[in-house]
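Put chains U, S and R on the given structure of chain W with help from the hints.
Number of protein chains: 4
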Amino acid sequence: MGNSRRKETATLLVSCPDQQGLVAKIANFIYSNGGNIIHADHHTDSEAGLFLSRIEWQLDGFNLPKHLINDAFGAIALPLKAQWQLHFSENIPRLAIWVSKQDHCLYDLLWRIRAKELKAEVALIISNHPDLAPVAQHFGIEYHHIPITKENKSDQEAKEIAILKKANIDLVILAKYMQVLSPQFIEQIPNIINIHHSFLPAFVGARPYHQAYSRGVKIIGATGHYVTQDLDAGPIIEQDVVRISHRDTVADLIRKGKDLEKIVLSRAVRLHLQQRVLVYGNKTVVFG
Amino acid sequence: MGNSRRKETATLLVSCPDQQGLVAKIANFIYSNGGNIIHADHHTDSEAGLFLSRIEWQLDGFNLPKHLINDAFGAIALPLKAQWQLHFSENIPRLAIWVSKQDHCLYDLLWRIRAKELKAEVALIISNHPDLAPVAQHFGIEYHHIPITKENKSDQEAKEIAILKKANIDLVILAKYMQVLSPQFIEQIPNIINIHHSFLPAFVGARPYHQAYSRGVKIIGATGHYVTQDLDAGPIIEQDVVRISHRDTVADLIRKGKDLEKIVLSRAVRLHLQQRVLVYGNKTVVFG
Amino acid sequence: MGNSRRKETATLLVSCPDQQGLVAKIANFIYSNGGNIIHADHHTDSEAGLFLSRIEWQLDGFNLPKHLINDAFGAIALPLKAQWQLHFSENIPRLAIWVSKQDHCLYDLLWRIRAKELKAEVALIISNHPDLAPVAQHFGIEYHHIPITKENKSDQEAKEIAILKKANIDLVILAKYMQVLSPQFIEQIPNIINIHHSFLPAFVGARPYHQAYSRGVKIIGATGHYVTQDLDAGPIIEQDVVRISHRDTVADLIRKGKDLEKIVLSRAVRLHLQQRVLVYGNKTVVFG
Amino acid sequence: MGNSRRKETATLLVSCPDQQGLVAKIANFIYSNGGNIIHADHHTDSEAGLFLSRIEWQLDGFNLPKHLINDAFGAIALPLKAQWQLHFSENIPRLAIWVSKQDHCLYDLLWRIRAKELKAEVALIISNHPDLAPVAQHFGIEYHHIPITKENKSDQEAKEIAILKKANIDLVILAKYMQVLSPQFIEQIPNIINIHHSFLPAFVGARPYHQAYSRGVKIIGATGHYVTQDLDAGPIIEQDVVRISHRDTVADLIRKGKDLEKIVLSRAVRLHLQQRVLVYGNKTVVFG
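Residue numbers (full-length UniProt numbering), protein chains in the order written: chain W, 1 to 288; chain U, 1 to 288; chain S, 1 to 288; chain R, 1 to 288.
By construction, these hints were calculated from the structure, which means they are not laboratory data.
Hints should not be assumed to be uniformly reliable.
Stated by the list, open to error - Chain W stretches covered by chain R per the calculated footprint, using a threshold of three residues with CB under 8 Å from any CB of chain R:
no., stretch
1, 22-32
2, 35-41
Stated by the list, open to error - Below, a list of computed lysine-lysine pairs in the DSBU-like style, where the Cα atoms sit at most 30 Å apart:
no., chain 1, residue 1, chain 2, residue 2
3, R, 119, R, 159
4, U, 256, W, 256
5, R, 119, R, 256
6, S, 283, S, 116
7, W, 166, W, 101
8, U, 101, R, 116
9, R, 258, S, 256
10, S, 81, W, 258
11, R, 165, R, 153
12, W, 256, S, 116
13, U, 166, U, 66
14, W, 101, S, 256
What the hints assert, rightly or not - From the structure, some residues in chain S lie toward chain W, with a derived Cβ separation under 10 Å:
no., residue
15, 39
16, 108
17, 259
18, 263
19, 266
All C-beta atoms in this analysis are idealised placements derived from N, C-alpha and C, irrespective of residue type, glycine included.
Okay, chain W solo, but in the shape it has when bound:
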């Protein structure tokens, strides 16, 4: 392991059927090429018979040129029947943020990215409303106002997909978008993170704070998850909660929830951007 986290690194996320020698084989691949591992974490889901691993090493001194690493690792992965993703720390992920009218998550994300808490570039913001254009402008980000109605939904989504592809977007963040994306959209865009304003699976669907108020719960939560075809049922990345009491009105729940939403969404995005999340089935491994 090395002494600086600043130098360029490569990260492998690997999953494969469980078998002997996996840690050794992956570590050897890196060591034999002169790499210096700075993070390695492994998990076995013994029920699923799966080995899941994250390994990060410094490229300084690594013998393989970057463009050959993927194929070289493929030669090791093939006999292991492994799936893997390879990332380089110098590739700054490009984000698109989807918003409606609420600005708290948008401000929060843009502030964190500008403050370099999150290592990413916001390429554009898309909204079905014009309201948040001034926020985009303050942070110098392109803002696309694309109003969605029942009638124009598939056309407008096609337009959005074209914008995303043209801009080489790596990750879409639904920062309180408050709309359901079509199955076609979800199919074409691989990485979408949403913030749901409840402690899923409690209070799926609309108006979760009103539901929580009616039920009289003593704690509310928020959930950061990947978007899948199954509404509110995608793999969960992060959750957090806050205590409430009978004194809290629905408006108080919404206010307290906003703080949760900001923190949970930004943590989920951060974990994704650091390649710390591995999805398998409908669950995630979040490497520490």
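Below, chains U, S and R without anything else, positioned relative to chain W:
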């Protein structure tokens, strides 16, 4: 207000349609009779148009004899259309604890009562299994083994109700009873507190830890609630949560959950025993 | 109690030596003048022999004109040897925010005030550095750059006090000001809230995150408190914590701490602005 | 990695100066001998230039007999200048629990061990008071009443050390022992875990709940740590907190604190027993 919490006190829990002068009328009732208020907390649910209040005062120096207080307050309550409960701190509530095979909540409750953390007397323990009789014996409590089958359920429950009535039980605690009580039972026993091993309303029904594991949540919880005809939907008194990760197996969830169950159940029981819980509709006010 | 929290209200914060009839006397004052109490909470510190109370009522229908309430209550307070503060909800408090170079708390406070989470007006921002002028400008707030050196400190503070008095400031917020105010300044400005980036009283003084890292704690915190002559020892309004691990560097602690600082400071300010905090000795009562 | 956590495993805790190839070398040692890694976690403290690792593998199918593993690994460790500990899951650690008069942590530990939450054997209990002998008896554990006075302290501690050595104790747990051990004792007994009833480093020394009450903090905590010569300053294993308010008396703090103490102490002991804690300097790495 007074300077000692040790002296005998009376507590009123009052709910009535919201109107002017409620705090003054209740406080005057106590002050004009020479009472010294040591706790007073009020809540208005403006949506429901309800005023809810808890007021506790020292009986030392109070001019009304204890047996007349209820009627005297009734004269004030009637024109306010108020419902109320009156409690005296020297009346030690009598508990019946229901268990199955798991002993963690039972040990916890019996320890707290012996340590005087909870001011109550455990009159008896009822179980559908014989397993926990030695725990009862260690703490010197009567243990009734009443096995329940589909066929004998209504007969056995009738027997249980007879035991409860004979023993003047004020509160039944389901300390991981793991069985559903019949509607007839619930109708006849007014105060039943249950610990549900999930963060309700997530994971209602059976095997909530298995459900939580399958869903891949990052936090699990427990819920202390009053039992009503509607399974797992009774008014919630207290909830708490603990963080889990992909490393936790179902067995780990169960282990971590046990600590939650103990703490949440004992807090709910404590709040009830201190007359801090007022149920209205399907919700609770928990006075601080 | 009434049915709307939107109408104008008056709030009394009262502390006096404990004695009988206090709740009744205060409630009667309001009821007899036609007031409708919407919040009342009382606390007795029996060790200190003190009664502390917060009571809020609607002015709609109240018989006393606003300008006479203070004197009218004074007639009741005098024989009780009570101290009290009277506030009207339509008086919007005027704030001055002190910053250095860090912008996270400033953004957070300005966003919350604009979003009406906090009911207050930011009259001006003062800083010993010019860095955050653009943030002030974005939110349309006056920004005073007043550099402080050892040599000019007392002169510059005199200038600041003049600005505060001219602007009729009700509350000064140190939003990561990172400088020590002189005793003379603190003496002249009654309400100053500071955010300390540790779980006080752990890690008083400089660089608390570095201290926390060196000590190897597993949880870090932040503390919102009133500023007194005794550095880092003022009455605590609010605290919160977040879990850390050996993987977290000092930079990670600082990043995680920023989220705490924002939330704890804004909660402390909110509690103060809602007249929910009563200081006595070096402690606070925070009314729920 | 393997499919069962039940089979016998070996665990290595390794620390050494950071250098390339460490993960590969350790993993190869296990793989080349036919071992199946079921947990591996590594950490680099780049400031200290240290690599710290925990690796656990199944012995089923491992080519080296157990009694040769230590020396075989030594041949790898020597050139790496590594320090290491080797544990086998079938070696059940032997505990001695130190108590005074408070029984909550003792009940809690003994219950967890009997319930197999903690994999250990309690060989004996030592106390300076006779009070908890009945608890020991209920769980069938040997109880030594060894009263300590200023005059007899070194003699009695010598007696205690003799008992510990004779009983082959691996770990001493101070379960609210409330006494300071002498430097001589600490020097001779390598593994001692204490529960301190505060959120260290806040409120070191005596009566932390009284200190917390006086300071008016809004959150209290507990700390599980290794005992070192420097009182209350040993390496921290685990901490947790609970929220309090002005309504809580010192007695309430003590009551709420007891729940924390039980949970934090048992978590610290569990982490130690699972060889998840590596001490370096005055800090710990706690492997997930």
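So, going through the hints one by one against the coordinates:
{"no.": "1", "hint": "22-32", "result": "holds (count 9)"}
{"no.": "2", "hint": "35-41", "result": "holds (count 7)"}
{"no.": "3", "hint": "119(R) x 159(R)", "result": "holds (27 Å)"}
{"no.": "4", "hint": "256(U) x 256(W)", "result": "holds (27 Å)"}
{"no.": "5", "hint": "119(R) x 256(R)", "result": "holds (27 Å)"}
{"no.": "6", "hint": "283(S) x 116(S)", "result": "holds (29 Å)"}
{"no.": "7", "hint": "166(W) x 101(W)", "result": "holds (25 Å)"}
{"no.": "8", "hint": "101(U) x 116(R)", "result": "holds (16 Å)"}
{"no.": "9", "hint": "258(R) x 256(S)", "result": "holds (28 Å)"}
{"no.": "10", "hint": "81(S) x 258(W)", "result": "violated (43 Å)"}
{"no.": "11", "hint": "165(R) x 153(R)", "result": "holds (18 Å)"}
{"no.": "12", "hint": "256(W) x 116(S)", "result": "holds (13 Å)"}
{"no.": "13", "hint": "166(U) x 66(U)", "result": "holds (25 Å)"}
{"no.": "14", "hint": "101(W) x 256(S)", "result": "holds (27 Å)"}
{"no.": "15", "hint": "39", "result": "holds (9 Å)"}
{"no.": "16", "hint": "108", "result": "holds (9 Å)"}
{"no.": "17", "hint": "259", "result": "holds (6 Å)"}
{"no.": "18", "hint": "263", "result": "holds (6 Å)"}
{"no.": "19", "hint": "266", "result": "holds (8 Å)"}
In summary, the structure is inconsistent with hint 10 from the numbered list given earlier, while agreeing with all the others.
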